[in-house]
Amino acid sequence: MGKQRIKNYVNASLSDVIPIFNCDYARADNDKVSLYKDQESLSDPPSGLNFISNPAGFDSNNSKFKLEISPLTLFEKSLKDVCQTTNTISDEFTEAEQVQCRDVYTLPSTSYVEPDILYLLISVQNKHSAVEMLLYISLAVLLRAWLFAAPEFVSWLSSLPEVSTPLSSWHRVVEGISVLKQGGSIHEGDSYHGSTLLLIFMSRLQEYSPLLLYLMFATCDIVTSLALLRFAEKFIRNELIDIYKPDNDISSQSKSIKLNESGMKDIPLLISLLYLFNPFTIATCVSKCTLIFSNMFLALFLNASLSGSVFSTTLFLALATYESLYPIVLLFAAALCYYKYQKTSWTIYTCMLLTTLCFLMWLSLLFVIAYLHDESPESIVSHYSFILRVPDQTPNVGVFWYFFTEVFDHFQSFFLCVFQLNVIVFSIPMSIKLRSHPVCLSFILIGIVAALKSYPSLGDAGLWLSILPLWSHTFKYLRMAIVTSIMLITTAIVCPVMWNLWIGARSANANFFFASSLAYTTAQVLILTDVLLAYLKWHYHLREGVCPKLETSNEKAMIRLLN
Amino acid sequence: MKLLKKLLCNVNKVCVFTYLAGVIWFILLSHPQFHARCYFSENALSPGLVHSQFASSNNEIARFNRYFTGDTEKTQQTMISLLQSIGLEVHQQKFAFREDFINQPEEFQLKNGTNIYGFMRAPRSAGTESVVINIPLFHSQPNYAVGIALALAKQMRGEMHWAKDIVFLFTEHGSYGAQAWLDAYHGTPSFHIAADPLTSHAGSIQAAIVMEMKDKSFTYINLKLEGYNGQLPNMDLSNLAVRLFKLHEILASVNYQFHPYDPSTMDGFKSFLKTTLKMMKQLSTGMSSGNHGDFLRYNIEAITLEGIRSKQHPNRDLLALHRILEGICRSLNNLLERFHQSFFFYLLPSTERYISIGMYMPCLGLVLLAPLLKALSMLVRSEITDSDVTEEQSDDQKENIDDILQDVGSKYFEETVQTPTTQWNSVVQMMILCHVAGYLLFRSPSFTPVWSSMFSLTFTTSFIFLLVTVHLAALVFMELHSQHFFSFTQEGAKNFRVASLLHAAIAVGVISIMNFSLGFIVSLFLVPVVTFIQTREGWLKYLQKLSLIIISLPLIHFYTHHAYEVVQIYNFHLTNRSWLFPAASLVYFPMWLQLWGITCCSKHVEIAN
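From first to last, the protein sequence lines stand for chains W and L. Take our numbering: the final residue in the first sequence is number 1543, and no numbers are missing along the way. Take our numbering: the final residue in the second sequence is number 610, and no numbers are missing along the way.
Honestly, I wouldn't trust all of these hints.
[Stated by the list, open to error] Calculated cross-link-like contacts (lysine-lysine; reagent style DSSO-like; alpha-carbon spacing at most 27 Å): (1) W/Lys1517 with L/Lys3; (2) L/Lys6 with W/Lys1456; (3) W/Lys1456 with L/Lys3; (4) L/Lys95 with L/Lys75; (5) L/Lys247 with L/Lys275; (6) L/Lys282 with L/Lys215; (7) W/Lys1517 with L/Lys6; (8) L/Lys215 with L/Lys247; (9) W/Lys1456 with L/Lys7.
[What the hints assert, rightly or not] Selected chain W positions facing chain L (in silico; Cβ < 8 Å): (10) Arg1459; (11) Met1460; (12) Ile1462; (13) Ile1466; (14) Ile1469; (15) Val1474; (16) Val1477; (17) Ala1485; (18) Ser1487.
Hint data in this document are derived by calculation from the structure and do not stem from the laboratory. Where is the CB? At the ideal position from N, CA and C, for every residue including glycine.
Whenever a hint applies, use it, and build me the whole structure from the sequences.
Here it is, written out as structure tokens:
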């Protein structure tokens, strides 16, 4: 393939090579090029460069030959030279390929382009060709269609408390639609507690054709997975640009732990596949849980937050917030993202102000639309009060229901505040600690909300678990990955079993189910903290080098702790 | 940390030790020191506090029984008229059901049956709660409990202290009748039974007693407790029955085993062990031993009392049982709330002793610890040995902490990361393939008609033939797949093994939460195989394959052939009662196939090396 060639080879002459590697002269032998400095052969030729010999024996200095570039090693030396080399890309390339190269040149925030990034970009686009992705998507759709066609399985799945919560279950939507048709107020009774706009959208859709509903749910999953794919691609590209920027504060000793493109090139596809074929996601989709929409908005938010466009970012954040309220904790992360990936050069405060204003604008717009449809403030208030006051204590995989069935009534409001604060309060220290890593911040906050929110279900965890491979370069710093992952899998399997023992066979009691759901939540929190610590440790090593010089005793202690 | 290292270095020995410890623990459970005397948690039952009324006589029971020896049609009419003459509110329910799904695939050959039920309305309450006395009617022989029930009904009509409705339920066709009645009572349709709706209802059913008497007199009473899928009635109910038997000096047994004369002797120990094992055997099949299983499925505590007659021993007449039944009803009448105290998870080594869940769960935990430890050791072995080396090195130069730190740092991070191909994606792919094979096995019986017409076999033969074919096909596929299309590297094979170990431990653990007996018995033969199977060459490989064949599903079925036919197991699965068939095809078979895959990939590991 022609495109493959671009990423691997650059045509250059020996004279181009000499300044790059700071050597005195280069000599081309039959199958390799040797570099010499001070009369000595460089015993350790730069590993990133392989010279592919020109078959028709070449004249050492003039004829051009192909350079295979493995990018990692190049950038220690003069980047400008490399770029000049790149500029002399030969005329062999077809027009389309050159267009692609030109596209690459217009990347934001860098005046020049590292071949590295070029490599990654093109490889990403090549690797996950549309055909391959289409194949996976159609497979996912077929799987969902097959499961939709098994009504017994679907009804069993929807009856599980882990899958459908009072906030998001499809039964409630159906009830809400029929209330709507009767002309009643949606939020009056105890039937439907979701958002007004969603219900109106659903009822319109159902009037049109019930088949559209199934299509809608499958499409949501696909949109989410594509958004995650784009998000991961962009994020990895940005990280690579950051790390290989010449004037960054990365230690020279940390070469071995740097991100490299060969390790990361499959990650975007893996993430989107993990979302498409995640049992948690499939269960959510097949049981027609409306949670799927907030997941979609969150994924779109993540994707938009990297584009540096404040309008689209806040739009999706506002949609997610309108759906399930908790994503509001991501507001600060959105501002930080905007600050980091902006195309202009505003200060952080301006960015924050702008983000907040935009967010409020979108949110109030949504409220106004909802109000116009329902014409009572109830439509907004009751949805959020249901989320915040947790009046429905139907068992789920969260921590709320058990506690509030046990606690005395006069303590209820106090503990409600405590539990809800518990979800929200982490956003402040996290935002301060991770202010220069807004994407990691968004990820951690999404995870915390998924674990600790008032009506969690498996689908919440499905989203952030799918994004997990994004941090695969820090995974060697994980401390208890085995234990926590086994714990998560086991508890996810045990939960329905305990439910059956309690409700089906009546031989167990609520404690059995609560214990397993508590262990499930604990596993999530443990994984999140582990990933966060690993990321911070990795970044520390990146800045300070993997075996930093130790001067004061305090630092020693810190290093020891970190190790 | 050091302890952990030592443990992981000798992991094979530790695995053998934990496995043996688990088995020994389980055997020791039958020692009187390790199980406790049954006691009442629910004091409201207060058994034996009241005197039985002795209102009826042996003659009366015999007189009632004399009506029910002839033709079914006629006896049903007699039954209705008798119940009406006693003064009960009598109804009947007709139902039709489909019994065999293999042999009558196309045309619904429905069998018909009639349930007769009479309500003894509680004179003193609103009738919100009720107790069911279920007498299954057999077609081949009379059930002499009918007489007892009728005599009891006659006596109860004259008494004013009943606070719960008593339902006398006479069902036909074993559990089908009971299920038809219960389905109609609770308004839950089931696809294989078409039943009339009930014409009248009583309150919510608190408990049920099933009576089976095949002779006019009995030597002892056998208690049957095992429900579907390892369900057991609340232990208070069986305690109640046992206590009343003791009070009236009637011998009682569980699984035809008596309480040993002297529990502290070796014979006593053996008897306890035998009783426990018999109970576990019944529980592990996932089938109910009597009609009470259908009541248990509706969360109604129920037991079956079966009268056994032996010619060598002195016999008791039915009047004694009548008093017991009256006593049980009186006690249940005292009940203020649903059965919720006492135990739902237990094993009975005799009628008077029990093993609680807290005692028997640890032995399963010990057995399952073996694969878990093995998996853990395989996962962390490389890390442990690495850090061992650095520790030895650093011991020499302990003065300079910076050096040590640098050493450690370099060990971990400086070396160029040469990630061995872990092949996790292939492992996942392999596991998915195995589960797809399991799903095919699960669905394969629906092709029985096609199969039988193709090979012109009977339905039963073709059904079994089909299952075996899918089995063999999966096996051959696995063999070919790992030899021609796909090969693991050493690292990949190791990861596949780790995944299989964890999968086995989790799957068996989850099964045992629902049905301890099944889980424990499976773990007993699965764990040794699963822990020590690895990719090997030479005769060991064939030994491993042999051991896998020994624990394959068809052979397991062959050993336990007398218990239940596979057709019956499948029918019970379709009628949504026993989960044995799905458990075997969807859980056990994929697990087994993975192990087979491990033994297959050995040759290629060598080449890869």
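Problem - Numbers of the earlier hints that this structure fails to satisfy, in rising order - result: 10, 11
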